[in-house]
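Engineer: Given next are the chains, with one letter for each unit.
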Amino acid sequence: MTLMTMVLKMAEGLEKTCAIFFLTLLFSIPLGMIVALLRGSRFKPISWLAKVYISVLRGTPLMLQLIAVTYGPYYLFGISVSRNKLIPVVIAFAINYAAYFAEIYRSGIESMPVGQYEAAQVLGYSGPQTFMKIILPQVIRRILPSMTNEIVTLVKDTSMAFTVSYQEMFTIGKQIANSQTSFIPFIVAGVFYYVFNVIVGFVMGRVEKAMSYYQM
Amino acid sequence: MKKVLALVLALLMAALMFGLTGCGSKTSTDVTTAAPDAPTEAAKTTFTMGIDPEYPPFSYLGDDGEYTGFDVEVCKAVCEKLGWEFKVFGVNWDEKLVQLDAGECDCVWSGMTILDSMKEAGYVISAPYFDNEQVLLVKDDSPYQSSKDLAGKEVAVQLGTSGESLLNEDLKDLADTFGNVVTCDSFLKCFTELAGNAVDAVFVDKPVAADYVAKNEGYRIIDEDLGAEQYGIAFRSADADLCAQVEAAVAALVADGTYAKIAEKYPDIVANLLYLK
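Line order of the protein sequences matches chains A and B. Residues 1095 to 1310, numbered by this note's numbering, are exactly what the first sequence covers, in order. Residues 151 to 427, numbered by this note's numbering, are exactly what the second sequence covers, in order.
Incorrect hints may appear among the rest.
[What the hints assert, rightly or not] Result set (EDC-like, lysine to aspartate or glutamate): computed pairs, CA atoms no more than 20 Å apart in a straight line:
| id | chain 1 | residue 1 | chain 2 | residue 2 |
| --- | --- | --- | --- | --- |
| 1 | B | LYS322 | B | ASP290 |
| 2 | B | LYS365 | B | GLU379 |
| 3 | A | LYS1110 | B | ASP320 |
| 4 | B | LYS427 | B | GLU397 |
| 5 | B | LYS269 | B | ASP323 |
| 6 | A | LYS1103 | B | GLU283 |
| 7 | A | LYS1103 | B | GLU397 |
| 8 | A | LYS1103 | B | ASP326 |
| 9 | A | LYS1103 | B | GLU216 |
| 10 | A | LYS1250 | B | GLU254 |
| 11 | A | LYS1110 | B | ASP335 |
Read the hints as simulated data drawn from the structure, not as lab findings.
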């Protein structure tokens, strides 16, 4: 097998890796916000539930969650395992990353000085208005570096989908490495992940710049 | 509040340290008392067998939490015969030969198919001890009667097994008729995929399939031999002597009937054991 065939074959899997990546972001970013807001709720049972959610999802390995989401329904209730593995994989990734994002959002929200809320109140802003128009834009700006960190980790974590036999790029790399007794697929995989993350870093850098309108 | 927390933490750490040192001193006394009683113990060689821990009936985690299976029991008997200390090491099947070279184990002995590529790479391979076939395992109530019926269907196989290489090489034409070949990191996962209807068939070594059919209801093997091959034991290229020693010990076990006795416990594989033919 030539290097070119290897790269092309793995690039096919890259499509599935990207599917996990983008769908996970699509669902976990809003879900994380919901969890963060629930955690900040003044109604104790709700805030407590959100805390338990974060604690469990952060406190157990993603690999375990992947297996639980994919095979759990079959073992517990006899429900068929999904043929389209992307569904359980994205569910597992999204609920896991939402827990991390929720904590990042909280750190951003809690870092806002109380004075801003007071000033907004004096100016006649309602609670939701204060949050959407004054607090949230600043929070987003502040948490971007931590978000980049988490998103970069997500790129690398996609390789874990192998545990539930989802044929993403790294799985295909392992198959080639195995049939060709070659180490090259691992190097190719490393390059793929690195380039992916350089792009993520670049895009996030651009976003940070675009959002820096509060800077003097 | 803070003080209470600090106290709890301190207590916890103290308990931990005590536990650790407790264990430590216990083992050290064990060693010192054991040494003078059995001076030969130190000279005893350790023999570490590399297995796929999820490969019943050849090697798997038994009900008592210890590794067992036909290969494991034979190896244990070999070690007893030669006076070696027996150890088991679970390898990552698709990296087994790298792990063998790295010295993590002294042999790979776990229903391993002898491949020409292994001999070409210089590994010392024992004489074959088992005739294997590759078969398709399907659900009992499924309509599939031959490999042709699986055209367009999903078939699972374990990564790094001879079945996987067969589908990539000699059986490429057949594999191309399948809708999709799903690679899992263990056969048990392949079987879970089948049980949960995520795939339609599993391409697997016959004894493993037979063992699964015997232990689980609702499955059958498609009666079609898709690839004949043989199992052997792999050693590092420098370990030809070790291989000869193990082979001699196995021959002795065959002669004194121990081998047959072990095989009796695994009725599904007896017919294909070359030493008993």
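Engineer: If a hint holds in the structure, say so; if it doesn't, say that too.
Structural biologist: A quick look at each hint next to the structure:
1. Proposed proximity of LYS322 of chain B and ASP290 of chain B is contradicted: the alpha carbons are some 26 Å apart, above 20 Å.
2. The hinted pair formed by LYS365 of chain B and GLU379 of chain B fails the criterion: a straight-line CA distance of about 25 Å is larger than 20 Å.
3. For the given pair, LYS1110 of chain A sits about 28 Å from ASP320 of chain B by alpha-carbon distance, which is inconsistent with the 20 Å threshold.
4. Proposed proximity of LYS427 of chain B and GLU397 of chain B is supported: the alpha carbons are some 17 Å apart, at most 20 Å.
5. Of the supplied pair hints, the one linking LYS269 of chain B and ASP323 of chain B is violated, its CA atoms being roughly 26 Å apart against a limit of 20 Å.
6. The suggested pairing of LYS1103 of chain A with GLU283 of chain B is violated, with an alpha-carbon distance near 30 Å, which exceeds 20 Å.
7. A hinted pair counts as satisfied when its Cα atoms are at most 20 Å apart, and LYS1103 of chain A with GLU397 of chain B does not qualify at roughly 42 Å.
8. Restraint check for LYS1103 of chain A and ASP326 of chain B: satisfied, since their Cα atoms lie roughly 16 Å apart, inside the 20 Å limit.
9. At roughly 41 Å between alpha-carbon atoms, LYS1103 of chain A and GLU216 of chain B are farther apart than 20 Å, so this suggested pair is violated.
10. Proximity of LYS1250 of chain A to GLU254 of chain B is assessed by CA-CA distance (about 28 Å); at most 20 Å being required, the pair is judged violated.
11. In summary, the hint linking LYS1110 of chain A to ASP335 of chain B is supported, as the alpha carbons are separated by about 18 Å, within the 20 Å threshold.
Comparing the model with each numbered hint stated earlier shows that hints 1, 2, 3, 5, 6, 7, 9 and 10 do not hold.
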